[in-house]
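Turn these sequences into a full structure, and let the hints guide you.
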Amino acid sequence: MAELIVKKRVKNAILYDGGIIKLENVRLSYPHLSKPYAGKPKNENDKPQTPKYGVVSMLPKTTHLDAKNLVRDAVEELLKANDNATVSKEKWCLKNGDDHENESYKGHWILSAREERRPGVRDKRGGLVTEPEKVADLIYGGAWGHVLIRLWYQDGKKGGAGYGKRVNAGLQGVQFIKDDAPFGEGRVNDEAAWGDESGSSGGSDGFSSDDDI
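Its first residue numbered 0, the sequence shown is counted upward by one per residue in numbering that gives the first Met the number 0.
Hints listed in this document are in silico derivations from the structure and should not be mistaken for laboratory results.
Incorrect hints may appear among the rest.
In silico DSS-like pairs for lysine-lysine, Cα to Cα no more than 25 Å straight-line [as the list claims (entries may be wrong)]:
{"hint": "1", "residue 1": "Lys123", "residue 2": "Lys177"}
{"hint": "2", "residue 1": "Lys10", "residue 2": "Lys164"}
{"hint": "3", "residue 1": "Lys39", "residue 2": "Lys90"}
{"hint": "4", "residue 1": "Lys51", "residue 2": "Lys90"}
{"hint": "5", "residue 1": "Lys10", "residue 2": "Lys46"}
{"hint": "6", "residue 1": "Lys123", "residue 2": "Lys39"}
{"hint": "7", "residue 1": "Lys46", "residue 2": "Lys177"}
{"hint": "8", "residue 1": "Lys133", "residue 2": "Lys10"}
{"hint": "9", "residue 1": "Lys156", "residue 2": "Lys94"}
{"hint": "10", "residue 1": "Lys133", "residue 2": "Lys34"}
{"hint": "11", "residue 1": "Lys94", "residue 2": "Lys164"}
{"hint": "12", "residue 1": "Lys10", "residue 2": "Lys94"}
{"hint": "13", "residue 1": "Lys60", "residue 2": "Lys46"}
{"hint": "14", "residue 1": "Lys6", "residue 2": "Lys105"}
{"hint": "15", "residue 1": "Lys60", "residue 2": "Lys7"}
{"hint": "16", "residue 1": "Lys177", "residue 2": "Lys133"}
{"hint": "17", "residue 1": "Lys34", "residue 2": "Lys177"}
{"hint": "18", "residue 1": "Lys51", "residue 2": "Lys39"}
{"hint": "19", "residue 1": "Lys90", "residue 2": "Lys79"}
{"hint": "20", "residue 1": "Lys133", "residue 2": "Lys123"}
Pairwise CB distance ranges (calculated) [stated by the list, open to error]:
{"hint": "21", "residue 1": "Gly125", "residue 2": "Thr49", "range": "27 to 33 Å"}
{"hint": "22", "residue 1": "Glu2", "residue 2": "Asp154", "range": "38 to 44 Å"}
{"hint": "23", "residue 1": "Ala1", "residue 2": "Pro50", "range": "34 to 40 Å"}
From the three backbone atoms N, C-alpha and C, an ideal C-beta is built for every residue, glycine too.
Written out as structure tokens, the structure is:
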């Protein structure tokens with residue numbers, strides 16, 4: 000297994016050889032790490048999507064300017080290495096969250112990474128988490144983590160036929176670092192729903208005789 004060789008280190012990001020980048024202290028959105036996910040085709044004539052693991056990294060603009068610039072520079076180097084290819088920024092994996100319809104993305108740069116092969120998921124101590132249920136509980140929309148990606152160029156011919164030129168990010172791994180308020184219908188703190196039933200004899204089931212639910 001090849002070792003990671005550091006090429007450049009900035010605040011909240013590390014660039015390694017081979018277009019591999021570690022994004023640090025990012026908020027995680029739309030994680031699909033316990034099982035692969037395939038979105039619905041936008042048009043009925045579109046080809047079905049291949050199920051993939053994935054996550055969106057949210058880079059706060061107040062803290063991650065250097066990290067964003069590192070990714071941008073790495074994308075530009077990748078395009079130079081591919082015969083000075085030209086790819087519209089709309090087709091980059093890195094985007095300005097202010098332009099997105101998701102209000103949670105405002106004030107962030109966002110980077111979407113996907114992979115057919117299951118990426119490594121690690122807990123706060125660096126331990127590998129493999130059980131799907133534990134992965135889903137650990138990495139949820141709204142949590143913070145570190146994300147390891149690999150940039151790659153899609154020429155629309157050999158790779159990604161029919162989808163045009165793009166700069167994609169393959170997902171190599173994710174590490175949980177801290178909890179935060181979940182997005183949407185994420186985790187629920189159910190503590191208030193339960194009481195001490197140690198002295199209960201069963202009794203009423205909680206429904207009146209004229210319930211019309």
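Each hint tested on the structure:
{"no.": "1", "hint": "Lys123 <-> Lys177", "in the structure": "holds (8 Å)"}
{"no.": "2", "hint": "Lys10 <-> Lys164", "in the structure": "violated (30 Å)"}
{"no.": "3", "hint": "Lys39 <-> Lys90", "in the structure": "holds (19 Å)"}
{"no.": "4", "hint": "Lys51 <-> Lys90", "in the structure": "holds (19 Å)"}
{"no.": "5", "hint": "Lys10 <-> Lys46", "in the structure": "violated (40 Å)"}
{"no.": "6", "hint": "Lys123 <-> Lys39", "in the structure": "violated (33 Å)"}
{"no.": "7", "hint": "Lys46 <-> Lys177", "in the structure": "violated (38 Å)"}
{"no.": "8", "hint": "Lys133 <-> Lys10", "in the structure": "violated (30 Å)"}
{"no.": "9", "hint": "Lys156 <-> Lys94", "in the structure": "holds (24 Å)"}
{"no.": "10", "hint": "Lys133 <-> Lys34", "in the structure": "holds (12 Å)"}
{"no.": "11", "hint": "Lys94 <-> Lys164", "in the structure": "holds (16 Å)"}
{"no.": "12", "hint": "Lys10 <-> Lys94", "in the structure": "holds (19 Å)"}
{"no.": "13", "hint": "Lys60 <-> Lys46", "in the structure": "violated (36 Å)"}
{"no.": "14", "hint": "Lys6 <-> Lys105", "in the structure": "violated (30 Å)"}
{"no.": "15", "hint": "Lys60 <-> Lys7", "in the structure": "holds (20 Å)"}
{"no.": "16", "hint": "Lys177 <-> Lys133", "in the structure": "holds (15 Å)"}
{"no.": "17", "hint": "Lys34 <-> Lys177", "in the structure": "holds (22 Å)"}
{"no.": "18", "hint": "Lys51 <-> Lys39", "in the structure": "holds (13 Å)"}
{"no.": "19", "hint": "Lys90 <-> Lys79", "in the structure": "holds (16 Å)"}
{"no.": "20", "hint": "Lys133 <-> Lys123", "in the structure": "holds (13 Å)"}
{"no.": "21", "hint": "Gly125 <-> Thr49: 27 to 33 Å", "in the structure": "holds (30 Å)"}
{"no.": "22", "hint": "Glu2 <-> Asp154: 38 to 44 Å", "in the structure": "violated (29 Å)"}
{"no.": "23", "hint": "Ala1 <-> Pro50: 34 to 40 Å", "in the structure": "violated (27 Å)"}
Checked against the numbered hints given earlier, the structure breaks hints 2, 5, 6, 7, 8, 13, 14, 22 and 23 and satisfies all the rest.
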